[in-house]
Structures are given as C-alpha cells and as structure tokens.
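Trainee: Residue numbers (my numbering), protein chains in the order written: chain A, -19 to 366; chain B, -19 to 366.
If you are wondering where the hints come from, they were derived from the structure by calculation, not from laboratory data. Fair warning: there could be bad hints in the mix.
Remember, identical chains collapse to one label, so a pair may be satisfied in a single copy or spanning two.
Only pairs whose alpha carbons sit at most 20 Å apart, straight line, appear in this in silico DMTMM-like list of lysine to aspartate or glutamate [stated by the list, open to error]:
no. : residue 1 : residue 2
1   : -4        : 189
2   : 318       : 189
3   : 341       : 298
4   : 345       : 279
5   : 12        : 29
6   : 11        : 336
7   : 345       : 216
Listed here are the chains, written in short residue letters.
There are 2 protein chains.
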Amino acid sequence: MKNFNFHARTEILFGKGQIEALPKALAPYGKKVLLVYGGGSIKRNGVYDSVIKLLGENNFEVTELSGVEPNPRIETVRKGAKLCRDNQIEVVLAVGGGSTIDCSKVIAGACFYDGDAWDIVLDKEKITKVLPIVTVLTLAATGSEMNKNAVISKMDTNDKIGTSSQEFVPMASICDPTYMYTLPAIQTAAGTADIMSHIFENYFKSEEDTYVQDRFAEGILRACIHYCPTAIEKPDDYSARANLMWASTLALNGLTGAGKGQTWSCHPIEHELSAYYDITHGTGLAILTPRWMRYILSDKTVSKFADYGVNVFALNPDEDPYKIANKAIDLTEEFFKKIGIPMHLSELGIGTEKFDEISQKLDRKFDDAYIPMTPQDVKKILEMCL
Amino acid sequence: MKNFNFHARTEILFGKGQIEALPKALAPYGKKVLLVYGGGSIKRNGVYDSVIKLLGENNFEVTELSGVEPNPRIETVRKGAKLCRDNQIEVVLAVGGGSTIDCSKVIAGACFYDGDAWDIVLDKEKITKVLPIVTVLTLAATGSEMNKNAVISKMDTNDKIGTSSQEFVPMASICDPTYMYTLPAIQTAAGTADIMSHIFENYFKSEEDTYVQDRFAEGILRACIHYCPTAIEKPDDYSARANLMWASTLALNGLTGAGKGQTWSCHPIEHELSAYYDITHGTGLAILTPRWMRYILSDKTVSKFADYGVNVFALNPDEDPYKIANKAIDLTEEFFKKIGIPMHLSELGIGTEKFDEISQKLDRKFDDAYIPMTPQDVKKILEMCL
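Okay, chain A solo, but in the shape it has when bound (with noise of 0.2 Å):
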C-alpha cells in the first residue's frame, strides 16, 4: 500500500427533505451567493423553487448563472469568474449534476484569478484561492459533491481536461434521493456506469495489498448492478435511489483510490471522445470500458479479473481464472445493455475517423497506467467500440 492523504471534509447532509439545511450550510460564507444550474430539469422538478425560497427566506442575495452545458464549457466558466466579480461574491451554490458542480468549481478559483480561466484548467498550480462551494446534487454520478476534481471542456480546440484543488472540495453538499425521481432512464443509466468506471480506474491497479480498498470498490460495484435496474423500472424506489447517490459519492472521494498509483485508463479516453463528439461521458465510458477490459486481460491481469468476477458477480471459484474473468467481462458488458445504453459507437454516430487523431492525443498518457497503452493500443480498442 502507498502512502496517501485522505481529507474528505464536505459535511454530507444525506436523505429526504434535507433542503432545508441548505441555509444553515451556507450561513457561515456569507450572503451573497452565486446559484449556478444547467438546463431546465431543476425547474420542473421543483428543486430550483425550493433553494429559491428557502434564500428568499433567509435573506441571500442571489445572482443567477444558468445553463451549465453537460460537457462544462469554459465559456461559462469565465462567464460566472466575472458575475463572483461584479458581484462580490462570497459562496457558490452548485445545483445539478456534476458538470455544474464541475463548472461551479472552476468558477470559484477562477474569480481569484488575474488570467484567462482556462490557465487554471490546464494548470492546477495556478490555482491560489478558491470561494467556498456548496452543493445540492440531483445526480449521481461524478462524485464531485465530495472531491477536488473538475473537468472542462473547449471545444473549439476539442479539449476536455481535468483539474483539481484541496479548495475546490465543497464546504457542504445535500444529497436527497428523491430528486432523482425524474430523472430519464438513460441519465440514470449513464450515471451509473460512470460510477462504476470511477471503480475500475481504482480498483485495476498493480498494487496488491489494498485489500479493505478493495473490497469497498466491490461493494460499490455490487450496488449499482443491484439497484441501477430497480432505479429504472421503478423511478421513485427510494432504496434503489440513494443506494446508487450514496455510491456515487463514496466511488470518488478518495476511498477507493487511497494507498494506489498509476494512470486511470478509460476516463482519459472518453474525455477525448466527448471532446470531439459531445457525447455522455457516461455512455462513452460503458462502450470503452468492457473493450478496455477485454485488450488488457493477460497472465498479469488474469487475477484481478478473476478476483472482480468472484467477490462482485459471485462466480466460482474453484473455476479457471481465464474462464471467470472472461465470464465477468462479459456480465459487465451485459448489465450496461440491460441498463439501456447504447454500447457501440457507430449508434452515436462516430465512426473511425478521428481515431488516429484522438489515439495520437493521448501519446505517452498512459505509460504510468496499470497496463500502459500506445497510440496503436488505443486505436484498436476504439476500433472494438464500433
């Protein structure tokens, strides 16, 4: 096990009705807050009506940024740095998913910042103050209610990169189930295997003592497959729905990552696949990841693979190794069909065009991965996700 830091420190306000902490979470920033949201959906569901109340009530004064794209752009994000300017902002209230968390963050360090926003994404050093963030998630997936990454993308040089910072981790975040009730069923979907794949990049590592680290990504793992289908025949069980927001939190907030190195392998993939395409990060993740998986078994990897298929599918094992964890690719490979996403790219519309631009992008990233990869290696797996 390698050394680690683990500093969490986001109060968690978790359940039904816990909005109405939502003040008292952010009495002690200051009143001017800056409430930055995305599309429609908290307008329909009656989450934005609740924090508006709620600040009415307690005397916030609020500035507005909506429109949040699901791919955060920078745009937005220089957009909100000046609104926390002219506005003296003192608190940034994130409300949605986590591209608003994401965006809400960068915002937050960017409005100290004398330079372009974007420095700050392709620099995290450049990072020195950071307002406070709390959050109101209606979305499980990211985990960025609870940690000090956010990516962001720019499109016009079809770049989606991460960044991070100690201060971007959110003072307070509220996570209610129930405002996943109305989610659509391929948000759910893809915010699950997002989940999941935030598991995988952790849990597929070289370091062979992280046994308790282990076995929690197994848990986590368990519960997506035991509840993202309840989730979406049953939008409104309640069980299925904080299961799955309660993983998303705990999938990446240092956890299941502590004591590990090397490269995560699928997430910088698909960053370059949004980055040109737009998709969900989500959908692209479930296409990659299984392929992934399939490209990189061998004699080293063979029992990881086999130790997945054993303690989260419940194979045998008494099995042979390659038997169980080839049993276990495909049952992951099946439960993201079951759950509705599209698991080829050319049902997305990409074809292999971009292939050898986007591979080229990623030369050198993943010599520190756990099984390192060439531009060549990338190819083929994006040619597998056809």
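Using the hints, position chain B against chain A.
Mentor: Coordinates of chain B only, in the frame set by chain A:
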C-alpha cells in the same frame, strides 16, 4: 435508509514516515502544544523521540501529560484541562491509541468548561468550545482518530461513559502502520476485536436497505479476519498492519453506521465490565460478541446472520439460513480464539458476583437496540460468557 449527516473532516496522513508531516499538521493552530500519551511504549519504540525532535526543531512549546490509563480516568482529564489553562495551550497532540485520543478530546473540551470535567462526559450539551486536536496513532482499534467519540472512566463509581462532539473530530491524524510493529500480540488481537465489534454494532440493525454500508462493513470484517493472524505471526508485515490500521479508522468514522439507527448492544455491556473490572475493552467485546449473537439468533435475525456468513466467510448461500447463521457465529468465536483472546470471563478472574448489579445498571438501555434486551437478558448473556 434513514437520513444522515456524514462529516469526517479529519485529514488522514497515512503511511510509513508520515510523522514528518506533523509540524505542518499542527502549524495552523498555534505553537503551544499539550502532548498527551500513555505508558512507556512510545518511549520504547522511538515514536516519542521522533515527536519531540520534530516539535523542538520547529519551535513548538511543549507541555507534557503522560500516564493516560488504558481505560482513561476522569482524574487524568482534570489534570490535562488544568495544564491547558495554566499553559495557554493552543492545540492538543495525542500520541497513542484510542484511550490517549479519547482522553485528549475531553481535555480539549474540559479546558473551556467552568465546572467539573465529569459534567461534559455526562452531558455532551455542555461541550461548548474545544481546542483543536491532532493525533499520532499507534494502535488500530477504536477509530477515535477520525471520529467525535470519547469514553472516560470514573472508577470510584464504576462508571465508564461515552460522550461526543463534532468539535472532538481531530483536525489531522498521522497513521503510520510501522508504529504497530512492536505491539504485543494480545493488543493486536484485542484491537482487531474492537474494530470488528464496531462493525457488528452497525451491521446488525433493522434497516434493510443500507446496502452500500453493509458491503463496506463486510469488507472491513474480511480485512480483519484476513490480516490479524498475519500481524500476530509476523508483527512487521506492513501490508497486514496497514490494512488493520485503515480498517480501524474506517470502521467507526461514520461510514458503516450511516443511515441506520438503534442503540449498540455489546459495547454498553462491555463498558460496564471494564468499569467494574478494568479489563481490556477489545477482550471484553470478543468474549461478549459470539454469545450475544447466539442469544439473539431468531427468525427475525437469521437472514442478516446468513448474509454475514455468505459475504464474510463465503459460506454456501444455498444452505439452510440457520445452518449458515450458526456456522458464521461458530467461525466468529473460533477466530477470536485463534488470535489468542481468552474467551471466558472466568479466565479474567470474573465471576457472577456483580452480574445482577451490572445488568440492573443497564435497565432500559436496550429498549431501542437491534434486539431489545431486559436486565434478565443481559444477565443470561453474561452467564454464557463465564
């Protein structure tokens, strides 16, 4: 799943050599440090020297309080609170296991309380302000390094009582697994029993849809069962020590109890045993737990015990649930025996003399437990432990 707040704000600095981060961890709070520790073990294993050297080199002013008891006494708390006031202490540094950390927490609160320190043990509402606490952990057991709890004893009245405050949660904890290399085997065993008991107390609850929490709980139990025998056989096995240490922190930082209610069962009984006989907490828990399990096994609890057997001991899920449950309880008892814990109260010189008094002291305590128990029930369980 019930609503919950999760706020484990502690920065965990985990791994070999993390002691070097101590000055930086203390720095935000001031220069005047109360260094709290127990017996001579940290002097024998070099941890004391490392701490003193680092504090000296970085110009901290150190006041020392040594001799914290294994079941820390209120007298020691009073002494510590006076030292804080007399020396204008700004931060309390606990170096040791749970007893030292618990004692430090109540000292940090008592120094701001005008009345007697025992008041804030009896009534946590009286805790108004608390000095910041930093810990250097030397024993994997109580999880006090990342939670709000503290247990203090008052031996003249045979009281051992828990108190808590969100302000007790340490600001930072240094967890170096190599500090456990010199632990006597029985302390490794008793510490592991304590970790497992924290899990059992949270796992055996009526809430049925805390799926993520229960898989985490099972993962921690598996880690204890997997690594404790190795740590005893080979005290300097880093992987074993690291997993046990991280398991102890995660077992009681709020994760496995989130979304659940109900009073604990074995801990309150053990607290009474310790208050009367000053026995090691973990030993008392290991003796009580399998007997409590047998006593409460019924049609109401059998499916939870079967889950435990299948997910922790990989028992065959197709067997009769009672068969799985009984086998799982047998394996629990065998495990504690295997790691060298004396499994009968009589081996500790404890007879039936105080059983009535202890049981009566717990009257109505378990009205809201997983399985409610009367003083008669408690007495029967104690008799099973003889």
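Trainee: For every hint, state whether the structure bears it out.
Mentor: Structure-based check of each hint:
Taking CA atoms no more than 20 Å apart as the test, residue -4 paired with residue 189 passes between copies only; the shortest distance there is 15 Å, against 38 Å inside one copy. Taking the shortest Cα distances, residue 318 and residue 189 never come within 20 Å of each other, neither inside one copy (33 Å) nor across copies (23 Å). Neither within a single protomer nor between protomers do residue 341 and residue 298 lie at most 20 Å apart by alpha-carbon distance, with minima of 42 Å and 51 Å respectively. Proximity of residue 345 and residue 279 under a CA criterion of 20 Å is satisfied in neither setting, with 23 Å inside one chain copy and 56 Å between copies.
Taking the shortest Cα distances, residue 12 and residue 29 sit within 20 Å of each other inside one copy (18 Å), while across copies they are farther apart (49 Å). For a Cα distance limit of 20 Å, the shortest separation of residue 11 from residue 336 qualifies neither inside one copy, at 50 Å, nor across copies, at 58 Å. For the homomeric pair residue 345 and residue 216, neither the shortest alpha-carbon distance inside one copy (41 Å) nor that between copies (37 Å) is at most 20 Å.
Of the numbered hints listed earlier, those contradicted by the structure are 2, 3, 4, 6, 7.
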